[in-house]
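Please construct the entire structure, taking both the sequences and the accompanying hints into account.
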Amino acid sequence: MATTSMDLSSNIMDLPCEVFADILTRLPLKHVHQLQTVSKLWLTNISTPHFKILYNMKSMTRPRALVVQESDETYSASGLGPTSRIITISTMDLVSDNIKIQRDHLSFKIVGREYSFRVSSNLIIFQHKVCNLMTREIINLPNNSSYPSFCFDVAYIPSTNTYKIVHLFRCNKIVGTRGVLEIGFESIILRDGGPIPTSWQSVARKEYFSYLIDATCVDGVMYWLVRMMEGTHIISMESENEEFLTISCPKGDDHTLFGQGQLADLNGKLCLAYYSKELSRMSLFLLKDRTTHQTWVKEYDINLSGMGDWVRIVGYVPLEGNNGDILINGKTPFRYNIKEKRGRKLQKSNVNYTCLYYDRCFTLERTRLPLPAVERLRVRDLPSKTTSKCEIL
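Under my numbering, residues 221 to 613 are what the sequence shown spells out, in order.
Zero decoy hints are in this set.
Distance condition first, Cα-Cα at most 27 angstroms in a straight line; then the derived BS3-like pairs of lysine-lysine: (1) 250 / 272; (2) 471 / 497; (3) 278 / 508; (4) 551 / 497; (5) 508 / 518; (6) 508 / 489.
Label-pair ranges, simulated between beta-carbon atoms: (7) 496 / 326: 30 to 40 angstroms; (8) 427 / 378: 18 to 28 angstroms; (9) 462 / 416: 19 to 29 angstroms; (10) 348 / 449: 31 to 41 angstroms; (11) 235 / 391: 52 to 62 angstroms; (12) 511 / 243: 33 to 43 angstroms; (13) 368 / 234: 57 to 67 angstroms; (14) 543 / 264: 34 to 44 angstroms; (15) 247 / 377: 18 to 28 angstroms; (16) 243 / 447: 41 to 51 angstroms; (17) 257 / 391: 48 to 58 angstroms; (18) 528 / 366: 36 to 46 angstroms.
Rather than coming from a laboratory, the hints here were simulated on the basis of the structure. Think of the CB as a built atom: it goes at the ideal place given N, C-alpha and C, for glycine as much as any other residue.
Structure follows, in structure tokens:
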């Protein structure tokens, strides 16, 4: 006798709850969404906060690369840079060295010679707007401080399946005569399914620096690499309790031939990387103790010959056991294996790896505004003042 889909559904639901959940957490999120339509019971089980948190934590072991491609550039008669272009954001599997772009992409038409958008923790931040790449939702952020905006950064908190967006803004005064800015902070929390906050919450903290070099989030802690006249240091903020620390950069290495540095999340550790195009080498320091001794350890010294002038760490790709690859973007994509301590160049392509991307059970609102319904947005060039127009195709 043939087995019906209802019989199959019933048989699966006879499994212990933890086994059933474990099976579903191994599937791509688009398949999990499809399985919600099998029955009300399936919908109920998949929609629980417990399952969503479990799925999101499992997905951290199977990241994809977020890639950005530019096409269809148009130029003015003066030829001073493109006046418009199409920006396509896609994802790419990292299970092999073969570059295969997924078709789950978004396309943006950018009008203007200069543009920027902030991609952080799976969200795209526009001027007062946030886009959820997985669900293609877009929402308006509440009106922020009356002070000039400096930048937006995002932290994802796995234990509660929430996002915290932190807005850095420039206060009215410049401290002293050396171009040091007074920076204020405010935040909002985005919860699964909403509601969307109507106002920003002030953070009782001011920081002072000349400019921001880089930023990242590691295990719910936000980090900003900033420059002062006397050098660089790192500002950290716990996303849940909003406690701040100032962290000194590694000492003892001669960084005169290296760039300003960049921050990255390497397997749950804060990484500060310095790259020298003269030496074709990248030095990676990991922060072992953030709160007490602030101990930095130089873990890797990677030869990157032929990678070009612009090189950035994309992130850490877990493999079997305690092994993993560090994914690096440059003239040619590069994967460095931490166990073998050697790297390999990947197939050359025209893609620009921006960051790692994770399937995540999260919706901004219970009723969402589809991206194609939004006709025009204005995108702020973060952190500069330049703005340009954007159409979502």
